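> Protein chains in written order, with our numbering: chain A, 36 to 374; chain B, 554 to 833.
Since the hints were derived computationally from the structure, they do not count as laboratory data. Mixed in with the good hints, there may be bad ones.
What the hints assert, rightly or not - Taking lysine-lysine pairs in the DSSO-like style, the calculated list, with each CA pair at most 27 Å apart, reads: (1) A:K170 <-> B:K755; (2) B:K787 <-> B:K820; (3) B:K820 <-> A:K63; (4) A:K235 <-> B:K562; (5) A:K323 <-> A:K74; (6) A:K159 <-> B:K562; (7) A:K274 <-> A:K344; (8) A:K159 <-> A:K274; (9) A:K347 <-> A:K323; (10) A:K279 <-> A:K344; (11) A:K274 <-> A:K74; (12) B:K561 <-> A:K235; (13) B:K820 <-> A:K51; (14) B:K562 <-> A:K170.
As the list claims (entries may be wrong) - Per label pair, the in silico range of CB-to-CB distance: (15) B:H817 <-> A:N72: 45 to 55 Å; (16) B:H817 <-> A:S135: 20 to 30 Å; (17) B:V709 <-> A:G214: 40 to 50 Å.
The structure displayed is predicted, hence computed values, not measured ones. Note that the Cβ used here is the ideal one computed from N, Cα and C, for glycine as well.
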Amino acid sequence: MPPFAIETENLGRIYKIRGTKKEKAIRKELVALADVNLKIEQGELFGLLGPNGAGKTTLIKILVTLLSPTSGLARVAGIDVSTAPQLVRPRINMVSGGESSGYGLLTVRENLWMFSQFYGVPSKAAYHRIDELLKRVGIFDRRHTRSSDLSTGLRQKMNIVRGFMTDPAVLFLDEPTLGLDVGASREVRRLIREWLDEDKSRTLLLTTHYMVEADELCDRVAIINQGRVLACDSPSSLKQRLQKEAIFEIETSALNGFSATSLENFPGIHRVSCQEGDGSATLNIILKEEAALAVVINTLTAADIRIMKLSKHEPTLEDVFVNLVGRSMADVETAGENG
Amino acid sequence: MDEQVPVKKVTGWRLFLKTILARAYPRVIGQQRDTSWMLFDVLMPFGSMVAYVLVYQAIGAPQEYVGFVVMGGAMTAFWMNILWSMSSQLYWEKETGNLGLYIAAPGSMMAILLGMALGGLVATTLRALVITVAGSLMFHVQYQIASFGQLFIVFVLEMVALYGMGMMLASLFLLLGREAWHMVNLAQEPVFLASGFYFPIKSFPFWVAAAASIIPLTLGMDAMRQLVFPSGFKIGFLTVGVEIAVLLVLSVTFLVAAKVLLAHMEKLAIREGRLTESRR
Numbered sequence: 036m037p038p039f040a041i042e043t044e045n046l047g048r049i050y051k052i053r054g055t056k057k058e059k060a061i062r063k064e065l066v067a068l069a070d071v072n073l074k075i076e077q078g079e080l081f082g083l084l085g086p087n088g089a090g091k092t093t094l095i096k097i098l099v100t101l102l103s104p105t106s107g108l109a110r111v112a113g114i115d116v117s118t119a120p121q122l123v124r125p126r127i128n129m130v131s132g133g134e135s136s137g138y139g140l141l142t143v144r145e146n147l148w149m150f151s152q153f154y155g156v157p158s159k160a161a162y163h164r165i166d167e168l169l170k171r172v173g174i175f176d177r178r179h180t181r182s183s184d185l186s187t188g189l190r191q192k193m194n195i196v197r198g199f200m201t202d203p204a205v206l207f208l209d210e211p212t213l214g215l216d217v218g219a220s221r222e223v224r225r226l227i228r229e230w231l232d233e234d235k236s237r238t239l240l241l242t243t244h245y246m247v248e249a250d251e252l253c254d255r256v257a258i259i260n261q262g263r264v265l266a267c268d269s270p271s272s273l274k275q276r277l278q279k280e281a282i283f284e285i286e287t288s289a290l291n292g293f294s295a296t297s298l299e300n301f302p303g304i305h306r307v308s309c310q311e312g313d314g315s316a317t318l319n320i321i322l323k324e325e326a327a328l329a330v331v332i333n334t335l336t337a338a339d340i341r342i343m344k345l346s347k348h349e350p351t352l353e354d355v356f357v358n359l360v361g362r363s364m365a366d367v368e369t370a371g372e373n374g
Numbered sequence: 554m555d556e557q558v559p560v561k562k563v564t565g566w567r568l569f570l571k572t573i574l575a576r577a578y579p580r581v582i583g584q585q586r587d588t589s590w591m592l593f594d595v596l597m598p599f600g601s602m603v604a605y606v607l608v609y610q611a612i613g614a615p616q617e618y619v620g621f622v623v624m625g626g627a628m629t630a631f632w633m634n635i636l637w638s639m640s641s642q643l644y645w646e647k648e649t650g651n652l653g654l655y656i657a658a659p660g661s662m663m664a665i666l667l668g669m670a671l672g673g674l675v676a677t678t679l680r681a682l683v684i685t686v687a688g689s690l691m692f693h694v695q696y697q698i699a700s701f702g703q704l705f706i707v708f709v710l711e712m713v714a715l716y717g718m719g720m721m722l723a724s725l726f727l728l729l730g731r732e733a734w735h736m737v738n739l740a741q742e743p744v745f746l747a748s749g750f751y752f753p754i755k756s757f758p759f760w761v762a763a764a765a766s767i768i769p770l771t772l773g774m775d776a777m778r779q780l781v782f783p784s785g786f787k788i789g790f791l792t793v794g795v796e797i798a799v800l801l802v803l804s805v806t807f808l809v810a811a812k813v814l815l816a817h818m819e820k821l822a823i824r825e826g827r828l829t830e831s832r833r
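Just chain A, with the same shape it has in the complex (with noise of 0.2 Å):
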């Protein structure tokens, strides 16, 4: 039986804040990672899903040997990133979204040759290889371009190449479309499905805050917040857990200081999330049974808020987190709960 592409167990990184001159004797720690357990297989598309600060690029650095774990383990291709990385890294590749590496004086083309060398692909290939994904991802046109006269989303395009080019056994994706648009987004995701299906021993692990890309792309997600993993499985296995719950999303009127999670408190409501916009707010409500709605909608009445409004709709991603969480993704963020 092949080793584990990905395998963690244990898995801790705790990170030592330095604070200012006057707080120096108070030495701040932030565990961005803890226990932290996961089997990823040969060939898997697996997706690490949580907000911003979550752990979700800690534990990517440590898979990738630029990061040391405080605790636990980590095999990448089963190889221990900690005591071998100079084995793991000729076996790995990565691309952060809106990176801003290579030089811009160099064109598009030199600066993927440049990276390519690193790994040893010889110049021949290298070029071959380049061209072929420059075509791809729909941006051959512009190989001569020096790439600080790219967009974004072009220079994002260029840094996806370099991650596929080396033709890593394992592929590490860091928000890869962050700052894409949609169809840049979909081309991407359209390009790394493939490289998957090209090739049954490649795995890719993607992190992401997109639940869409999450639910489209991935054949496993793990759901982390606050460095832990709260859930793994697969997005339709996740989103199974709430069928037998039913989701409402009620747009109203301002909640004019009415706190929606009290909701909670009613019996049959099971977990309420609330995104406040200018004069408006969305609840999302998971209800163990469908006759708690009248208490919910009965409740906002009595609060003097009106229903604009009312869905009913399918589990998703988003669902997944917010039941296990109790909170949005979007909420989690806004309240800075991950360092």
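Chain A is fixed; fit chain B onto it per the hints.
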């Protein structure tokens, strides 16, 4: 996607060599594409050089002193390159995200540093040549080379030691954030004085000159002045043979120190999470 044939990637010394050449490439090609170096790296050192020449001429110093100054002016390009494009370079690479990619790649960081050094050396040699030719023509500097062989050896050793020092400093600066910028600023001017860029270091007390010799440019310039100017040997700090021997020791020391420090600093940076995390 077209069916891709698996590519046999090279490893070992061939990967090392590829990494060096690839990292040197942006420096060499960058010089052709961004010509602002003519202003910052040629005209500005040239201005300082002219000022010293005029002072020497005003006080009636021997004509060879003008030659010393022209050589010193040319060598400033190397010192600036070491400070700004070697020592503090990894800070910039960290900010742009390149550093993480370099370390996560199978090519060694030592090869990356050697590539930076090689590219910087090639690009800076051209700048130094421009200053030398322009200064020599403008001030009618006469050269009388005593030994081409020794001159070549001195220059090569001086550059190996100097860029070895740059690599060592780059390793030390791996852990630094923005403070690297200030430290580089701090090191710039004192070395112009201590290394005798515009005057013979024999003017210093022996121990001051000896301490200044830790910077390879000090003995390198002193030896080159002895070898290219007829009266150079009279103002030489040590004999050329001794200076070559010291430069050889410095070359080996700095390169070994760079390798050891780089390995240590890389481990430390990975442990402390400072390769990519400038906010923590």
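> Flag every earlier hint the structure violates by its number, smallest first.
1, 2, 5, 8 and 15
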